[in-house]
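K.L.:
For reference, the chains in residue letters:
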Amino acid sequence: MSRLFRKSKTVGLPPGTVVYTGDKKAEKIKITLIDYDEKQFQEREIINIEECFPFKDKPSVTWINIDGIHETGIIEKIGKHFQVHPLLMEDVVSTGQRPKLEDFESYLFIVLKMLYFNQDGKTIEAEQLSLILGDNFLISFQEREGDIFNPVRELLRKAKGRIRKSGADYLAYTLIDAVVDNYFIILEKLGENLEDIEDELVTEPAAETLMDIHNMKREMIFLRKSVWPLREVISSLERGQSAVIKEPTLIYLKDVYDHTIQVMDTIETFRDMVSGMLDIYLSSISNKMNEIMKVLTIIATIFIPLTFIAGLYGMNFEYMPELSWKWGYFAIWIVMIVIGASMMLYFRRKRWL
Amino acid sequence: MSRLFRKSKTVGLPPGTVVYTGDKKAEKIKITLIDYDEKQFQEREIINIEECFPFKDKPSVTWINIDGIHETGIIEKIGKHFQVHPLLMEDVVSTGQRPKLEDFESYLFIVLKMLYFNQDGKTIEAEQLSLILGDNFLISFQEREGDIFNPVRELLRKAKGRIRKSGADYLAYTLIDAVVDNYFIILEKLGENLEDIEDELVTEPAAETLMDIHNMKREMIFLRKSVWPLREVISSLERGQSAVIKEPTLIYLKDVYDHTIQVMDTIETFRDMVSGMLDIYLSSISNKMNEIMKVLTIIATIFIPLTFIAGLYGMNFEYMPELSWKWGYFAIWIVMIVIGASMMLYFRRKRWL
Amino acid sequence: MSRLFRKSKTVGLPPGTVVYTGDKKAEKIKITLIDYDEKQFQEREIINIEECFPFKDKPSVTWINIDGIHETGIIEKIGKHFQVHPLLMEDVVSTGQRPKLEDFESYLFIVLKMLYFNQDGKTIEAEQLSLILGDNFLISFQEREGDIFNPVRELLRKAKGRIRKSGADYLAYTLIDAVVDNYFIILEKLGENLEDIEDELVTEPAAETLMDIHNMKREMIFLRKSVWPLREVISSLERGQSAVIKEPTLIYLKDVYDHTIQVMDTIETFRDMVSGMLDIYLSSISNKMNEIMKVLTIIATIFIPLTFIAGLYGMNFEYMPELSWKWGYFAIWIVMIVIGASMMLYFRRKRWL
Amino acid sequence: MSRLFRKSKTVGLPPGTVVYTGDKKAEKIKITLIDYDEKQFQEREIINIEECFPFKDKPSVTWINIDGIHETGIIEKIGKHFQVHPLLMEDVVSTGQRPKLEDFESYLFIVLKMLYFNQDGKTIEAEQLSLILGDNFLISFQEREGDIFNPVRELLRKAKGRIRKSGADYLAYTLIDAVVDNYFIILEKLGENLEDIEDELVTEPAAETLMDIHNMKREMIFLRKSVWPLREVISSLERGQSAVIKEPTLIYLKDVYDHTIQVMDTIETFRDMVSGMLDIYLSSISNKMNEIMKVLTIIATIFIPLTFIAGLYGMNFEYMPELSWKWGYFAIWIVMIVIGASMMLYFRRKRWL
Amino acid sequence: MSRLFRKSKTVGLPPGTVVYTGDKKAEKIKITLIDYDEKQFQEREIINIEECFPFKDKPSVTWINIDGIHETGIIEKIGKHFQVHPLLMEDVVSTGQRPKLEDFESYLFIVLKMLYFNQDGKTIEAEQLSLILGDNFLISFQEREGDIFNPVRELLRKAKGRIRKSGADYLAYTLIDAVVDNYFIILEKLGENLEDIEDELVTEPAAETLMDIHNMKREMIFLRKSVWPLREVISSLERGQSAVIKEPTLIYLKDVYDHTIQVMDTIETFRDMVSGMLDIYLSSISNKMNEIMKVLTIIATIFIPLTFIAGLYGMNFEYMPELSWKWGYFAIWIVMIVIGASMMLYFRRKRWL
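Protein chains in written order, with the working numbering: chain D, 3 to 355; chain Y, 3 to 355; chain C, 3 to 355; chain B, 3 to 355; chain P, 3 to 355.
Worth double-checking, as some hints may not be accurate.
In this list, chains with the same sequence are indistinguishable; a pair is considered to hold if it fits within one copy or across any two.
Heads up, simulated DSBU-like pairs for lysine-lysine below, C-alpha to C-alpha not over 35 Å straight-line [as the list claims (entries may be wrong)]: (1) 191 / 352; (2) 248 / 160; (3) 58 / 162; (4) 256 / 41; (5) 124 / 352.
No lab work stands behind these hints: they were computed from the structure.
Computed from a prediction, not measured in an experiment: that's the story for all the values here.
Isolated chain D, as found in the complex (with noise of 0.2 Å):
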């Protein structure tokens, strides 16, 4: 439940004060500078975050990911170093970010969010991706060390495609192009789980049944609340009205912005589907329970009365003249097998049987 609201730590504080919400998902912070132009490529881990300072002024692209954010200082210390608003290092630190994006002329701060499914729970994840792009360099703050970005350096280390040759914008289309690209995986285990709770409701639909259906749409919602505000982000991008994105990279980003859409799309269509379920799940008990009432009325209905006849000729009067008849067994039995045979008939008609 966590997930769906932010923690309040830093009420009555100062703003701009650097104040970690999330918890602490890392171990340690770790810090690795990736520095590229057409010609050279570098990569190498930082222990001191002082060592990516000189970068900042070269003209190649320098890229610095900071894997975890719970040691505030360092994340303090960049903030100074490469002159970002206060404010803006505290969102860094603050997970319950809705994506967003400011535009401060000579760089964007872009907040994302990067989803991984947890196969256990049948519950999304999210992490905290905040963005700082600047001209020749961009920053990446992530909550832990993950593996979405490994075909990017791969793609640098091996200057595949364009990479290599453009800019610090178009590294930071490829990463959220990254984001964005892992959302259909998402997706795709969502729409399993889906197709699974369909056909167990053909099947057989129990209670767990709507206990799915009911994670199902939480999970739907939190995906919906983490992706519907990055449409905005990526469309004010693509619509190319800061200094910071070149015009080579705008169709890429037109790209992404389709990318999002049909994500948004497809999650609108699971919503669709899953209240769908819920009707038919709801339909399924009543219908149960028609069966149910059935299989009651047509017993009771047929031996009640029955039952009634036997008890009649079980009473004890003196004077009751069918006892002594011959045939006076053998008549109660014809006259059963006749009510009972009728009832049968009556419920054939019916269509209850």
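Given chain D, put chains Y, C, B and P in place with the hints provided.
P.N.:
Structure of chains Y, C, B and P alone, referenced to chain D:
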């Protein structure tokens, strides 16, 4: 289900990589070339894609139609020769696109969905149609060979109507019109389906009726998802902002736009009707339960008291004066008939009979 | 059902082909011509469509009314003579159009829906009315002869009000006003229907009530679909952007616009009420079930224990001391009466009685 | 019900015909004239409408209030003298108007709904108030005499506040403010009603509760329909585009606008609450059914097996060893008590007891 | 309930009359004055409101906080001295306002809602906060003394952060930020409540669960009503159209705006979850009913036929051959066990057991 979300095969590849994400629907790619102007007309099947290239710079209108998009090499070659952005060629072969329009000044890129109604499963199947529309050429990519465009070819061969006198933009309009007209056939099929379900609902709603309603709902979701973005696409075309679309074609595009609105209108109407049917189904289940309960209650409430009376005089107490009365048995029959009859009256007054 | 979607007869034909898609509603096309200005008035039935053509260039206002649109030859002739775009003539005879307005500078093309309430089936029937409004002429196409425009003809004949002093635009307004005023009659009929259903709901809801509610809902969907786009049409007219509409007519169009809004308002209100009725119907079914269950439960829970007691003393054990007690039978009656009475008390306390 | 749609009495008449469409609510038209400026004040009842006419050209503010609009002759005379468009005079007497504002440069035409709460039927009744606001005169038309405007008259007589120092626009504001303030009284009544229904729901929901909820819903629909368009009306006034409204009055109109938003806000809140109540009602019915079923099931499942056992030993087989056992009867009692008690335990464990 | 609509006490009074419409929440009005700039700071409690007046024209920032608004005389005096429009002073004491912003060039008038969570009744309570923000002064009106602003006072006293170096606009921002931060605490409480309800739903849904869900829903409606208009207020502030708000404060207001969006996002998420819970509650009731019916049906359908057989051989016919068979009683036991067992098998196959 897999119709409803895009496969994520391209995750991790550099953008612009042309990877086919659909199922392989055609055996072999089939390329047909039609070249015409008011005076001449030629049509031939192409084996080697390079044969098309000389037509690029001829003033006559050239229509290259490619059935089958799984041989990505050919697709890439065309893209390169006609100087189309690699991201678009990626979109051509990635079959989970939403309908969309992209304007690159010298050419337009249009993605549409062609829909087929599969009579067996009562499902709608979609196929992606991508159009690249230049000043004097039109390249169309289909997933497999279809017959929707045959009437267009016929018009071209017989030089009927305006088509041979008009440019590539009018040809594109004719194709889009054929696609949209085909939606009406789908709607007619769905409408007949709806009528069948409504009849079932009135005569004999069964558990299958519920599944039919559910399926209709899912098809409607799918249909809507395919058609909804089309509105925006055609509206952009019709507003005439692109240089590729000539002024006389605009009124025809306005006509297709009206048709698209009609399609969406009908989809919305069908959705409303399907949700109304679900309500009726649910309350007809409740009505049925009521009827079952009535039968049970009538039988039980009539015979339970009578059985009690019979049980009463089946007791073996030594001193039970009624048992030795001469008219005791007769009297008990009277009592029972009175009780039964008054029960019947009660039920009649309650209108249960 | 077929009211709800356009037939697809024109699929595969070149655009602009005039093909009638409705059912044949009139035996023969009937053409009437009315020509008037402030001083003169003539009205006559036309056999040969060419008789109308000279009126095109007269300064007086000419109203050509065509009842029946299945003889497409005549329609095409008119279209050609008045230089109307062939696509529009296709729209005139294609009866599944949405209400729409198209502005061709020298003339306006308006499509409306005339609605009739069929008292038998309690359904609404629609007929398409197409208007071609030029500077000094108005051509109206109806599917069959109707009486909605008779009051307008009467006003013209008797030169009542402003109508003979005004131009063709005011005549068009008068026709649109007649169509919209007719919607209020439909709404009144539907309103009476709603009142009947509400009365049924309060007194004796039956399975037919559900079907009545369902039918009302469907008619409302149909009505909405016919009226909703009209708002936009009249709003465009009233904004006075067309040269064909003269300034003094605008205030009258504003008045029709207000009426259209009122119609839509009432439709929305009715929709809300119908959906409220469904809720009531469903809960009245539940209430009825509750009542049935109560009767069953009261009878069963009173008599089942008593029958058990009677059965107890109907056992044939040799040693059962109670059976030989002198007041045994009397005592068992007391016990039974006490049990029955306390059950009754229990039910009264639970307010089931 | 007839509150909810406009009567169609004017169908077929030329536009601008003044026909009263409401019920006759007042015996006789009552006309009062108030004329004032900062220094003088006169108020008198008018018998002959012509008495008002000289005031038209006086610089002092003149308020002509007409209670009763069924004598259309008088209405038409006023309209002609004050040069008001005949269509407006038709609107004045046609009581099914939506709230609206029309700006004719030299005067404004405003239609509002005055609402009264009818305590008997717990229904809201509406009355149409039409205002014609000129530079120095205000004409108000009510369907019957009411007391909402008495405080305004009192302010005028006693020269309290700004009213005597301000123009006709401020007077119009004061009337509109009185009408909107009156809505809060309606909301308070409805709020009390809602509280009563909520109390009933918690203590003892009955079938009448459902009807109460339904009635509330209908009143809310009616209220919404009356108030919703008002927002636009006052918003247009407050934006100060009309020359008739002087600048110092704008801030007061902004205040009324805020009140209107508050009214609509509260209506939406009430709607949400009513729909929540319906959910509760429905599930409380289900809960009740559950309770009934539990009682039936407990009694039946305890006694049906016991009755079977009793029946078993009531059989008349010649060879039944148990019957002749000395402790047979006693043993059977033990068996029955054990069965009954274990049933009770089972129900307790299931928390049905 | 009365939280949800404005009291109508001012009906009939001239506009601008300052009448307190809330409940009397504080014993005595408490006025505190804080005056500061970068160098000096003074804070004192004020007995006589006139003491504040000299600070109006000092260049230092003056914050006058008034706790308690029921002594309307004092409120009016402040309004007059600071030249605030009387309508605003009426708004200050009329506690049913929606959050709003009014811009009077030389000062801004802002109304907010401070919310408190009442742990006992699990209800949210609202208090109105009105701010009058001038170039160098801020007047705040609260309904009673609260502790939300204590951290702000602390920041001022200790000259922490930017606050002492900034103007009155930054002070206003700090107060608004404190109010919005407090909403997160409310959301956390509601989130915990939601988790409790979800737990109840999974383990043991009772009738109280329904009431809890209903209460959550009502609180959500109330919360939404209080927060929704705030978005517009802060958005207007943040767009920087007022001269009172200086440019450096805008980025801080943007930050509060983001927080407000987060609050509304979470409210929407909670609403979705609550409505999902209602669905689960309803279907868990149905499931329970199913289970009860199953128990009844199993017991009844097993024993009713057996009881019939026992009744059969309890009949007293003279000629019943089975009764005298030696193994008759034994045989009947066999028959009964077979019937019972096959019933059990049937139920097992239907998965009722």
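K.L.:
For residue 124 vs residue 352, is the C-alpha pair at or below 35 Å within one copy, between two copies, both, or neither?
P.N.:
The answer is between: 30 Å across copies meets 35 Å, while 45 Å in one copy does not.
K.L.:
Is it within a copy, between copies, both, or neither that the alpha carbon of residue 191 lies no farther than 35 Å from that of residue 352?
P.N.:
between (45 Å within a copy, 33 Å between copies)
K.L.:
Is it within a copy, between copies, both, or neither that the alpha carbon of residue 256 lies no farther than 35 Å from that of residue 41?
P.N.:
within (28 Å within a copy, 41 Å between copies)
K.L.:
From the Cα coordinates, with 35 Å as the cut-off, is the pair residue 58 and residue 162 best called within, between, both, or neither?
P.N.:
both (25 Å within a copy, 31 Å between copies)
K.L.:
When no copy is specified for residue 248 and residue 160, does a C-alpha distance of 35 Å or less occur within a copy, between copies, both, or neither?
P.N.:
within (23 Å within a copy, 46 Å between copies)
Violation of the numbered hints given earlier is absent; every hint is satisfied by the structure.
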